[in-house]
Each structure stands twice: as C-alpha cells, then as structure tokens.
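Protein chains: 2
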Amino acid sequence: MRTPTKDILKKMGESVTLMGWVHIRRDHGKLIFIDLRDRWGIVQIVFSPKNEALLKEADRLRSEYVITVEGVVRERPQGMQNPELATGMFEVEAQRLWILSEAEQPLPIAVAGAETEPPALDTRMDWRWLDLRKQEHTLIFQIWTTIENAFRRYCLQEDFIEIHSPKFMEVPSESGAELFEVNYFDRKAYLAQSPQFYKQMAMAAGFERVFEIGPVFRAEPSFTSRHATEFTGYDLEMSFIESEEDIMQALEEIMVSMLEAARDHYGKELEKIYQRILAVPSLPFPRISMEEAKKMLSSGGGAASERGGDLNPEEERRVSSFIKERYGHEFVFVTRYPAAVRPFYHMRQEGDSELTKSFDLLWDGIELATGAQREHRYDRLLMQAKEKGIHPESLQTYLNFFKYGCPPHGGFGFGPGRMMMKIMGLENIREVTYLYRGVKRLSP
Amino acid sequence: MRTPTKDILKKMGESVTLMGWVHIRRDHGKLIFIDLRDRWGIVQIVFSPKNEALLKEADRLRSEYVITVEGVVRERPQGMQNPELATGMFEVEAQRLWILSEAEQPLPIAVAGAETEPPALDTRMDWRWLDLRKQEHTLIFQIWTTIENAFRRYCLQEDFIEIHSPKFMEVPSESGAELFEVNYFDRKAYLAQSPQFYKQMAMAAGFERVFEIGPVFRAEPSFTSRHATEFTGYDLEMSFIESEEDIMQALEEIMVSMLEAARDHYGKELEKIYQRILAVPSLPFPRISMEEAKKMLSSGGGAASERGGDLNPEEERRVSSFIKERYGHEFVFVTRYPAAVRPFYHMRQEGDSELTKSFDLLWDGIELATGAQREHRYDRLLMQAKEKGIHPESLQTYLNFFKYGCPPHGGFGFGPGRMMMKIMGLENIREVTYLYRGVKRLSP
Numbered sequence: 003m004r005t006p007t008k009d010i011l012k013k014m015g016e017s018v019t020l021m022g023w024v025h026i027r028r029d030h031g032k033l034i035f036i037d038l039r040d041r042w043g044i045v046q047i048v049f050s051p052k053n054e055a056l057l058k059e060a061d062r063l064r065s066e067y068v069i070t071v072e073g074v075v076r077e078r079p080q081g082m083q084n085p086e087l088a089t090g091m092f093e094v095e096a097q098r099l100w101i102l103s104e105a106e107q108p109l110p111i112a113v114a115g116a117e118t119e120p121p122a123l124d125t126r127m128d129w130r131w132l133d134l135r136k137q138e139h140t141l142i143f144q145i146w147t148t149i150e151n152a153f154r155r156y157c158l159q160e161d162f163i164e165i166h167s168p169k170f171m172e173v174p175s176e177s178g179a180e181l182f183e184v185n186y187f188d189r190k191a192y193l194a195q196s197p198q199f200y201k202q203m204a205m206a207a208g209f210e211r212v213f214e215i216g217p218v219f220r221a222e223p224s225f226t227s228r229h230a231t232e233f234t235g236y237d238l239e240m241s242f243i244e245s246e247e248d249i250m251q252a253l254e255e256i257m258v259s260m261l262e263a264a265r266d267h268y269g270k271e272l273e274k275i276y277q278r279i280l281a282v283p284s285l286p287f288p289r290i291s292m293e294e295a296k297k298m299l300s301s302g303g304g305a306a307s308e309r310g311g312d313l314n315p316e317e318e319r320r321v322s323s324f325i326k327e328r329y330g331h332e333f334v335f336v337t338r339y340p341a342a343v344r345p346f347y348h349m350r351q352e353g354d355s356e357l358t359k360s361f362d363l364l365w366d367g368i369e370l371a372t373g374a375q376r377e378h379r380y381d382r383l384l385m386q387a388k389e390k391g392i393h394p395e396s397l398q399t400y401l402n403f404f405k406y407g408c409p410p411h412g413g414f415g416f417g418p419g420r421m422m423m424k425i426m427g428l429e430n431i432r433e434v435t436y437l438y439r440g441v442k443r444l445s446p
Numbered sequence: 003m004r005t006p007t008k009d010i011l012k013k014m015g016e017s018v019t020l021m022g023w024v025h026i027r028r029d030h031g032k033l034i035f036i037d038l039r040d041r042w043g044i045v046q047i048v049f050s051p052k053n054e055a056l057l058k059e060a061d062r063l064r065s066e067y068v069i070t071v072e073g074v075v076r077e078r079p080q081g082m083q084n085p086e087l088a089t090g091m092f093e094v095e096a097q098r099l100w101i102l103s104e105a106e107q108p109l110p111i112a113v114a115g116a117e118t119e120p121p122a123l124d125t126r127m128d129w130r131w132l133d134l135r136k137q138e139h140t141l142i143f144q145i146w147t148t149i150e151n152a153f154r155r156y157c158l159q160e161d162f163i164e165i166h167s168p169k170f171m172e173v174p175s176e177s178g179a180e181l182f183e184v185n186y187f188d189r190k191a192y193l194a195q196s197p198q199f200y201k202q203m204a205m206a207a208g209f210e211r212v213f214e215i216g217p218v219f220r221a222e223p224s225f226t227s228r229h230a231t232e233f234t235g236y237d238l239e240m241s242f243i244e245s246e247e248d249i250m251q252a253l254e255e256i257m258v259s260m261l262e263a264a265r266d267h268y269g270k271e272l273e274k275i276y277q278r279i280l281a282v283p284s285l286p287f288p289r290i291s292m293e294e295a296k297k298m299l300s301s302g303g304g305a306a307s308e309r310g311g312d313l314n315p316e317e318e319r320r321v322s323s324f325i326k327e328r329y330g331h332e333f334v335f336v337t338r339y340p341a342a343v344r345p346f347y348h349m350r351q352e353g354d355s356e357l358t359k360s361f362d363l364l365w366d367g368i369e370l371a372t373g374a375q376r377e378h379r380y381d382r383l384l385m386q387a388k389e390k391g392i393h394p395e396s397l398q399t400y401l402n403f404f405k406y407g408c409p410p411h412g413g414f415g416f417g418p419g420r421m422m423m424k425i426m427g428l429e430n431i432r433e434v435t436y437l438y439r440g441v442k443r444l445s446p
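Going down the list, the protein sequences come from chains X and W.
Its first residue numbered 3, the first sequence is counted upward by one per residue in my numbering.
Its first residue numbered 3, the second sequence is counted upward by one per residue in my numbering.
A hint or two may mislead.
Identical chains share a label here; the pair holds if one copy fits it or two copies do between them.
Stated by the list, open to error - Mimicking DSS-like on lysine-lysine, the simulated pairs with C-alpha atoms at most 27 Å apart in a straight line are:
1. 274 with 32
2. 442 with 405
3. 442 with 274
4. 274 with 297
5. 424 with 32
6. 136 with 405
7. 190 with 442
8. 405 with 58
9. 405 with 274
10. 326 with 424
11. 52 with 274
12. 52 with 13
13. 32 with 297
14. 442 with 58
15. 136 with 442
16. 274 with 388
17. 424 with 136
18. 390 with 405
19. 424 with 13
20. 297 with 442
These are computed hints drawn from the structure, not numbers from a lab.
Start from the sequences and build out the full structure, keeping to the hints where you can.
If you want it as structure tokens, here you go:
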C-alpha cells in the first residue's frame with residue numbers, strides 16, 4: 003500500500019512504501035540522499051552504508067527515475083532539518099528500492115533545481131510533460147480544476163442542464179471567418195467557434211437553463227500571448243430573463259464563487275510560489291456603459307475612438323484602471339455595446355437600436371467574458387442578420403429555432419484560460435494551457 | 003418575479019407570474035383553458051368571460067406560443083381535479099397575459115398530446131428542438147447531467163486533476179484509420195479519436211490522477227444505432243497502480259455512484275414515464291477472463307470464435323446473459339483480452355505475452371467501457387508498436403513521454419451515451435444525444 007508524501011507526517015516510526023520521482027540526488031560521503039517527489043510534495047530518503055547492496059542499487063539513481071522505496075519514517079538529525087518544507091523535519095531510511103522507470107540523461111529540460119537560465123517558452127512547450135512536473139506548473143491545473151468545479155457547482159445548484167453540443171457544423175456559425183474546415187466523408191464540415199447557436203437551440207427546446215464546458219476552435223492566424231487555435235470555453239444560457247442585467251448578475255456571482263474556491267484551496271500556494279494574493283471581489287461589480295467609458299477615455303487625455311466603435315486592448319486597460327481608481331474594484335462590466343461591433347443576434351436596446359443589450363466583463367484590463375440578451379423574435383433577428391450582410395439562407399437552420407415559440411433569453415461565454423492567467427499572474431496563455439495549439443504548434 | 007410551475011403549490015390564494023409554453027388549449031363554452039408548460043411541469047390557466055379583453059387576447063393563443071400570465075392560484079372546482087398531476091388540484095385564474103413569442107402553425111412535429119403515429123426518428127432529428135420539448139426527452143438530459151456530476155464528484159473526491167486535452171493532433175493517434183482530417187493553415191491536422199495519448203502524457207507529467215470529459219471524433223462510415231461520428235467521452239487515467247484491477251475497482255465504484263445518483267434524483271420519473279426500474283448493482287462486479295468467456299460460449303452450444311479473437315456483439319449479449327443467470331448481475335468485466343485485438347500500448351500479462359492486462363465492461367450485453375494497464379516501459383512499448391506494424395517515427399512524440407521517467411499507470415474510457423441508452427431503455431444513440439452527428443447528418 004502506497005503512502006503519498008502528504009500522509010508521511012502521520013506515519014512517524016512506521017514502515018511506509020513511497021512512490022515517485024527522483025527529484026534531487028545528493029551524495030554525502032558514504033550516504034546517498036534522494037529527494038523523492040510525488041504530486042503532493044517531497045520527502046527525503048536516506049540510503050546508508052549499513053545495507054551495501056541497497057546503496058549500490060541507489061547509486062544507479064539519476065534525476066527523474068521513477069522508484070518505489072520501502073523504509074521507516076524518522077525524525078531528521080539536528081542540523082539536517084528543513085522547517086521550510088512540510089516534510090522537512092522527517093526523512094525515510096530506505097530498506098528496499100525498486101526502479102520502475104529510468105530517465106535518459108541528460109534531461110532535455112531540468113525539472114528540479116534553480117536554473118541559471120530557464121528554458122525558452124517554446125522549448126518548454128516542446129517538452130511539456132517535463133515542464134509540467136514542476137510543482138508551480140502542476141499547481142496551475144489543480145487551481146483550474148478547482149475553479150471549473152466552482153463554475154459547475156453554481157450551475158447545478160441553480161438547476162441548469164449540462165449539454166454537450168456538436169463541434170461539427172454543416173454551415174459556418176456567425177461570421178464565417180476564422181473557421182476550420184474538415185473533410186467530412188464526401189463533403190465539408192466546419193468546427194464550431196462556440197456553442198452559441200446550439201445553446202440557443204436549448205432555449206428553443208425548453209431547457210430554460212443550460213451550460214457547457216468544451217473546446218472551441220478559431221482559425222485565427224494570430225500569434226499574440228492571448229490567442230490559441232483551440233481553447234476551453236465556458237458557456238451559459240438562460241431563458242425568461244428580463245434583460246442582460248440578469249446575465250451579469252449570474253456571471254458576477256459565478257466569478258466570486260470561482261475566486262473564493264481558488265483562494266480557499268490554493269491561496270497559500272499562490273502566495274508562496276507566485277507571490278499572488280488573491281482578492282475576492284465584492285458584489286455587485288461596477289457597470290459602465292460604453293458611452294460613459296468613451297467619455298472617460300477622452301476626458302483622461304487620450305483620444306477615444308468614435309461612437310459605434312469597440313474598445314481596443316489599450317482602452318480596456320485604461321477603463322479598468324479608471325474603475326480601480328474610482329471604485330477600488332478590479333472588475334467592471336462595460337455595457338451597451340454598439341450594434342456595429344456586436345454579432346447580429348444581440349438584442350438591441352429599446353429606444354436606441356444602434357446599441358445592444360450586451361456587455362463585456364473586464365478583469366484588470368483583460369476581457370474575460372462577453373454576454374448579451376439575444377434577439378428571440380424571428381422577424382427582428384432576420385432583419386438584423388440582413389443588416390450585417392448575412393444571407394438568410396445560410397442561417398435558415400438557426401433562424402428556424404425562433405419560429406415555433408422561443409422565450410426571451412441570454413447568456414455569456416468566457417475563456418477560463420484568460421482567467422487563469424490573471425489568477426496566476428502569468429502573461430502568456432501558453433503557460434496556463436495543458437497543451438497549447440497555435441498556428442505553428444500542433445505537438446506534442 | 004416569475005414563479006416556476008414547481009413552486010405553485012406553495013402559492014395557494016396568491017398572485018403569481020407564470021412563464022412558459024402553451025402546451026394544450028381547450029375551449030369550453032365561453033371559457034378558455036390553457037395548459038401552461040415550463041421545464042418543471044404543467045399548470046392549468048383559466049381565462050373567464052369576466053374579463054372580455056383578456057379573453058379576446060387569449061383567443062389568439064395557439065400551441066407552443068410562449069407567454070407570461072399573471073393570475074391567482076386557486077383550487078380547481080370539484081370534478082375538474084386531476085390527481086395524476088402534481089399541479090392537478092390547482093389552477094390559475096388569469097388576470098393579465100403577454101405573448102412573448104408566437105409559433106407558426108401547424109407545427110412540423112407535435113409537442114403535446116398523443117399522436118396516432120409518432121414521427122419517424124429522422125423527422126424528429128430534423129426538428130430536434132421541438133422534439134426535446136417533450137418532458138420525456140428533456141428528462142434524458144437532466145439524468146445525463148446527474149450522472150456526469152456523479153462521475154466528476156468521484157474524481158474530485160479522489161483528488162483527480164481535470165484536464166482538457168487538445169482535439170487537434172499533428173499525427174494520427176492509434177491506428178490512423180477513421181480519422182477526420184482538418185485543413186490547418188498550410189498543412190493538415192487530425193481530430194483526436196480519444197484523449198488516450200494526452201491523458202497518458204499527464205502521467206508522464208506527474209499529475210498522477212486525471213480525468214477528462216469531452217468530444218471524441220470517429221470517421222467511421224457506420225450507420226448502426228450505437229455509432230456516431232462525434233460523441234462525448236469520459237476518460238480517466240491513474241499512476242502507480244499495481245495492475246488493471248485497480249482501474250476496474252475505480253470504474254465499478256464510479257458506475258455505482260452514477261446509477262445511485264440517477265435513481266435518487268429521477269427514479270420516480272423513470273418508472274412513471276419509461277417504465278424503467280433502475281437497479282443499482284452490487285459491488286464488486288463479476289469478472290470473467292476472455293478464455294473463460296470463450297469456454298462458456300462454446301459450452302453454451304453456439305460456436306465461439308477462436309483464441310486470439312474478440313467478442314462480437316452477439317457474444318457480448320450471450321456473456322451478459324450467462325453472468326446474469328449465474329450471478330444475478332447485469333454488469334461484468336471481461337478481462338485478459340488477446341493482444342491481437344487490443345492497441346499496442348496495452349500492457350501484456352506476465353507469463354503470457356499473447357494476453358493483455360485489459361478489460362471491457364459490459365452492461366446487459368452492451369460494451370460500456372474499455373480499460374487497461376498501459377505499457378510504460380519505453381523498450382517494450384516500442385517493440386509492441388513495431389509488432390503491430392506501426393512505424394516508430396510516426397509515434398515518436400508519444401514514445402518520448404516514456405523516455406524520462408514514467409510511472410506504471412492505467413485507465414479507462416467510456417461513452418456515457420451508451421450508458422444513457424441502458425438507463426432509459428432506449429435502443430438508439432440518436433435518442434440520447436443532444437444533437438446527433440453521423441455520416442449523413444450535420445444539422446441542425
């Protein structure tokens with residue numbers, strides 16, 4: 003029976019079986035010390051000359067060998083104790099050793115120890131499975147698991163149905179640009195850029211509340227630190243809303259519960275390893291209309307783009323710092339986006355058809371989520387599609403969803419990858435993606 | 003503030019706002035009765051001639067219109083009560099009415115009422131969003147949500163990390179057959195047939211325990227009731243196992259907790275609507291080796307295929323009935339599959355290299371899951387790949403995962419769609435798929 007390193011403190015004086023990787027090997031005279039690493043931590047193993055055959059076997063050990071060690075847990079001798087480490091007051095005196103897997107030497111990139119020059123990000127991506135062995139990198143995916151679970155927990159408590167919509171589409175969704183084409187038997191199919199149309203179909207199907215977690219595909223020839231050709235999306239859609247305000251309320255509550263979960267489970271590690279102190283924002287988040295945002299931007303000295311335009315990334319950062327200054331809040335909903343920069347299916351504001359009932363959520367200058375009330379009235383939807391120059395025939399399957407009774411509804415989509423960047427304080431989406439996919443990267 | 007139909011029993015004598023679909027309209031003399039449907043049930047609305055303008059407005063209502071009704075909850079008059087329905091003792095006397103969305107008449111397929119001839123499955127798929135409005139079809143996805151959550155809850159309790167592995171691959175995984183090809187900028191990419199290689203990479207990355215829920219893609223030109231070109235897969239992988247037995251134990255516990263969750267939340271509805279009584283199986287599930295299974299099959303009279311072969315679907319059914327008869331159990335693990343019918347990465351049995359440390363899980367004659375201990379030793383893996391006629395160069399990225407220390411590990415993959423078929427007692431995977439994708443179907 004294996005003892006994970008996290009349980010070693012309970013086993014003082016007992017015999018244990020540890021399994022893991024050779025993190026670091028140190029030779030001191032006739033003794034061999036191994037730092038054994040598993041997902042939960044590091045324990046020091048001592049091979050002493052009392053057992054010569056065993057010491058000889060231990061002499062074969064190199065970095066990243068995978069081993070099983072049987073031994074007895076004991077207190078470390080005075081002067082050898084390391085109070086920095088949870089397991090630093092103990093060590094295991096080895097009695098038996100099995101090598102489960104050897105590691106070719108030298109390793110292409112180091113896993114343990116401080117490096118004078120850390121490898122380039124691209125090299126790290128080439129050897130991603132070694133890169134991910136570092137505790138600080140594994141942590142990213144433990145935190146991701148935690149926030150994802152918090153997102154789902156909220157949805158399930160609120161009686162949402164989880165859907166898995168198809169990634170193959172017959173006709174392009176939305177704009178038609180940035181679509182991957184698949185050879186589908188004797189014809190073409192397209193990979194969904196978002197579950198937008200299909201989560202709206204769930205509203206027409208009377209599901210009322212749905213969410214989806216799944217991959218989305220974007221054939222953007224983009225090389226920025228925030229873009230990937232494939233990434234995980236969180237999507238939510240709900241019916242019988244009064245306005246987009248209902249969606250913003252759901253989203254801000256979800257954000258808070260995700261950040262609370264991250265802080266409660268991994269706040270200490272984030273502080274220790276990443277020097278990040280995760281503040282859980284207060285509710286409600288500030289809201290600012292696009293019009294107010296533009297005013298603020300021009301009064302701030304810089305030139306703001308004209309009415310009808312979007313915010314560029316620099317403007318998003320400025321809006322966030324303005325809100326931070328005025329309200330002490332890192333989050334802000336920018337509302338009432340111009341129809342010109344929104345998809346045809348966003349509902350228009352009553353009394354101002356140039357504006358939509360939509361919003362973006364920014365966290366500290368980064369756009370995290372986009373949402374809106376959708377247009378559920380067939381005739382208006384058709385008109386709005388035509389206005390955008392979309393041929394209604396190409397949309398007919400989607401438009402049919404609204405022909406036989408469809409409730410008012412709205413929702414949001416967001417990329418947890420960008421949220422993870424913010425949580426970890428990392429600058430590149432590649433770092434928080436399990437296996438990044440980009441224009442030039444399809445492997446490992 | 004909307005009152006969902008499920009809450010109406012608490013609102014006796016009070017004014018409520020209901021929102022939903024016109025399920026059925028009945029005219030009795032000067033009265034109009036509407037059965038209003040939302041996701042949670044049906045409530046009868048009465049429009050009386052006391053309010054003529056309102057009655058006139060109600061006269062516009064047709065099947066599947068989406069409406070908001072304000073009214074007062076009261077007991078139904080004697081003789082009008084329906085004890086079959088949770089809300090059958092009450093009705094709402096309408097005071098105000100808003101039409102939120104009209105439905106073109108006639109509907110392409112009916113939502114309410116008994117049909118003399120139900121539409122063909124293919125017609126139902128064409129109008130899937132109307133088909134899904136039926137309570138018995140929505141129920142499928144409520145149950146799916148419940149079992150999926152049970153699967154995840156098990157994984158999270160056991161400290162698994164949730165991953166989202168890429169669906170784009172540079173080189174074909176596994177066999178190379180049945181792969182969808184994507185036009186990926188100036189080259190080709192392939193869609194992952196399973197997260198197999200990438201969940202194994204997580205073992206090489208020291209994650210130790212991972213699971214994934216996501217789409218898998220199979221370019222099978224297959225038209226059976228059990229196949230689709232895209233479906234949801236549940237995958238799990240764990241390190242430092244002793245043998246495939248550890249994987250079977252995890253899987254059978256997961257199965258039990260999924261079925262318990264389905265029964266606890268939806269047992270009554272399953273019985274009432276589908277005449278299904280969901281039995282939660284006892285632990286452990288019976289195990290039978292392929293060799294024993296073959297013996298049993300030939301002793302049973304029918305001709306069993308030779309050693310080294312797989313079980314065909316008919317044989318799977320016979321094995322299940324044999325186990326049911328002998329042990330009274332609907333589940334069975336068939337173990338020790340011949341290497342000839344398993345992928346190269348399944349570990350071989352010690353002492354019999356023609357057999358693998360692998361298993362299939364059958365439920366009542368249907369294969370639900372496949373699992374195995376994997377070969378983690380580089381040299382053997384290379385040899386096994388070569389034996390299968392695979393060029394090692396095409397596998398080099400995958401093989402590299404095993405070069406720098408990889409623990410013994412194993413896992414399983416399974417299709418919740420097939421499990422849902424069994425739970426519901428439905429014969430076709432199309433019925434339990436939100437939006438089915440097949441050779442001839444890419445829409446809606």
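Hints breached by this structure: 1, 3, 4, 5, 9, 11, 13, 14, 16, 19, 20
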